[in-house]
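Novice: The primary structure of each chain is shown beneath.
Protein chains: 2
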Amino acid sequence: MSTQEPRKPQATLELVAQRAGVSRATVSRVVNGSDRVKADARKAVEQAIRELNYVPNRAARSLAQGRTNSIALVVPENTAKFFADPYFAKVVQGAAQYVAGTEFMLTLLLSTESDPAKTTRYLQGGNVDGALVLSHHAADRSYADLGSLLPMVYGGRTMSTDQNEIYVVDIDNIAAARQATEVIIAQGRTKLAMIAGPQDMGAGLDRLTGFQQAVRNAGLEPAAVEIGDFTPASGHQIMQRLIGNNVDFDGLFTASAQMGFGALQALAEAGIKVPEDVSVTAVDDDSFARSSTPPLTTIAQFPERQGEIMAELLIKRIQGEQVPEWSIMDTQLVLRDSH
Amino acid sequence: MSTQEPRKPQATLELVAQRAGVSRATVSRVVNGSDRVKADARKAVEQAIRELNYVPNRAARSLAQGRTNSIALVVPENTAKFFADPYFAKVVQGAAQYVAGTEFMLTLLLSTESDPAKTTRYLQGGNVDGALVLSHHAADRSYADLGSLLPMVYGGRTMSTDQNEIYVVDIDNIAAARQATEVIIAQGRTKLAMIAGPQDMGAGLDRLTGFQQAVRNAGLEPAAVEIGDFTPASGHQIMQRLIGNNVDFDGLFTASAQMGFGALQALAEAGIKVPEDVSVTAVDDDSFARSSTPPLTTIAQFPERQGEIMAELLIKRIQGEQVPEWSIMDTQLVLRDSH
DNA sequence: CTGAAAGCGCTTACAG
DNA sequence: CTGAAAGCGCTTACAG
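So the protein sequences, as listed, match chains C and G. For the first sequence, position 211 matches number 211 in the UniProt record's numbering, and the numbering has no gaps at all. For the second sequence, position 286 matches number 286 in the UniProt record's numbering, and the numbering has no gaps at all.
The set of hints was computed from the structure by calculation and includes no laboratory data. It is possible that part of the hints are untrue.
Remember, identical chains collapse to one label, so a pair may be satisfied in a single copy or spanning two.
Under the rule of at most 20 Å between Cα atoms (straight-line distance), these lysine to aspartate or glutamate pairs were calculated in the EDC-like manner [what the hints assert, rightly or not]: (1) K316 - E14; (2) K118 - E46; (3) K316 - D35; (4) K273 - D40; (5) K273 - D248; (6) K316 - E103; (7) K316 - D170; (8) K273 - D337; (9) K191 - D170; (10) K316 - E165; (11) K43 - E226.
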């Protein structure tokens, strides 16, 4: 046990003003980079700030200015899932990097399922000037009404029926899925199965739609469609089930590389050869795509860039600029060994 | 392009007071759960809050109370490293879980190398009531003086020469390394190499010390000691170098499972059998330890629990409670196939 | 149990 | 270029 040392009081504007022999208004002007301050007053203030190690109190500043200079990145997933999915890491990285070059701070909010209302209150309580929302599930109504109170930008199309304008940065998931499926069809395969993503998310729905379009365009019917949750475990399990049920297929499209990774493992365990027996493609060009056996042919999206754009759009909106509601990013077909 | 819709103004205490027909003081009391409010006044206020969807402004509250009800978790690593290391994920998870059960919010701060001063200013600017600091490098002096301004709790011993009281949650790294090394020695191995961690961190230094102690206690001398950075890549590279230099060893202790994972790959590539030719152990019982070939015998620390304890101690300190400066957590030897 | 009033530490027209 | 003063939205003794 130790004794509680007294907390050193933080220097205030007032103290700086006294030491510099000017008014608080002048100190405030120096701190905020106004040019309407004479050189010697500025010098005195700057020295006083240094001597007192003064840092402006954010709460006071926020209250006076009506802005906080910080934005939130909300991930409505639990912590375990957040860390397991390389997609999140990349988006955070991109956003963090962009924000680092601005006057804003990025606050990462993992809204645990335990109390989503806490996050909503935080957002509504004037802690941030705007919010980035990732991985939005339709059932999650938490943010539906926030759009009218706070600028927001979504990563991935929301399924919200919200009346407000919704700003989204996304890829064309339908086209991406169509393209990945066509790679399989081009191999001459005719019995195509899909392991789809959650159907309460735009990305989950749209990738299924794209698969169906490609299959039908080729005059075929899907051999099987199963719904997973984007994780390797779900891909593995679903593939085991398909094999166990003797489903007949020679092509497989998975809505995420993570699920593809799991499915590939299950195929290998069953002695089914890829791509000889089954041609496989997926969406996401992440570490799972690269480290699977064989490496996956995928549609690359660029989540780091997505995070960057999201942050850029949000900050522009906060500053009153007009930005497009929809930003659709390009994707890229990456040919590896699984197709 | 879209038109900028007008932002709906957030309801204020004042508005709630008017609608409920009471003073602002009474509204404040209801919001803060004071019991000195008559039932009917309370009812009226609660209804007004509901109707106006009122959420207290945090900045104003912070300013008035002198506290923010939020704490920061600072990780002085870049985003890529943060996401690559399962240790961080677990600590965050533990801390987030503990904080979720309190009135506090957890803010995750990835202090990019780009501008560490920004983080310091944030911490000093009254944004949070306290800070958790992870993975502290000796060279990083950013937080040295913050301890007198803000309650802080470190994850892992700091090498700071700071005069303030320092609160740390850690394992006994020396004992852990000694124990892991003794497992190898018990196999009758006499030529022990170590891949150590960064020597500017407590965990890096102490695990090397423990290794040396165990080796000397057995009347031996280390066969080789190389310094890595805890990542799989560094373990892989160092092991390639040892093999390339024909270093003669029959035992290997790595300061992290990640480095052990990489070293095991390099050993396999060189056709060296584990544990037949080389007996290997490591610290950290994470996904790398479990998925390496063969699975690693390790000393498990419990980072999730560490995060929990860190958060608990910090919040207690904020609330003025006395807590011990040092919290040393137990570890556990996990026997797998590599020793 | 309740309200009037001061105060938290800033910013920002306004006047000079 | 500079300062006095009002105001941001809360909380909290103080008085009743």
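Novice: Evaluate K316 and E165 at a C-alpha cut-off of 20 Å and name the case that applies: within, between, both or neither.
Specialist: within (15 Å within a copy, 43 Å between copies)
Novice: Please sort K273 with D248 into within, between, both or neither, judging by C-alpha distance up to 20 Å.
Specialist: Only inside one copy: K273 and D248 sit 14 Å apart there, 41 Å across copies, limit 20 Å.
Novice: Checking K191 and D170: alpha-carbon separation at most 20 Å within a copy, between copies, both or neither?
Specialist: Answer is neither; intra-copy 30 Å and inter-copy 56 Å both fail.
Novice: Up to 20 Å between alpha-carbons, please classify K316 paired with E14: within, between, both or neither.
Specialist: neither (33 Å within a copy, 31 Å between copies)
Novice: For the identical chains here, do K118 and E46 meet the 20 Å Cα criterion within one copy, between copies, both, or neither?
Specialist: between (40 Å within a copy, 18 Å between copies)
Novice: With identical chains treated as interchangeable, where does the CA-CA distance between K316 and D35 reach 20 Å or less: within a copy, between copies, both, or neither?
Specialist: neither (24 Å within a copy, 45 Å between copies)
Novice: At most 20 Å between C-alpha atoms: does K316 with E103 qualify within a copy, between copies, both, or neither?
Specialist: within (12 Å within a copy, 32 Å between copies)
Novice: What label fits K273 with D337 when the C-alpha limit is 20 Å: within, between, both, or neither?
Specialist: within (12 Å within a copy, 30 Å between copies)
Novice: Tell me, please, which holds for K273 and D40 at an alpha-carbon limit of 20 Å: within, between, both or neither?
Specialist: Neither: 78 Å inside a chain and 73 Å across chains, both beyond 20 Å.
Novice: Given identical chains, is K316 near D170, meaning Cα to Cα at most 20 Å, within a copy, between copies, both, or neither?
Specialist: within (18 Å within a copy, 43 Å between copies)
Novice: At most 20 Å between CA atoms: does that hold for K43 and E226 within a copy, between copies, both, or neither?
Specialist: neither (69 Å within a copy, 51 Å between copies)
Against the hints set out earlier in the document, violations occur for numbers 1, 3, 4, 9, 11.
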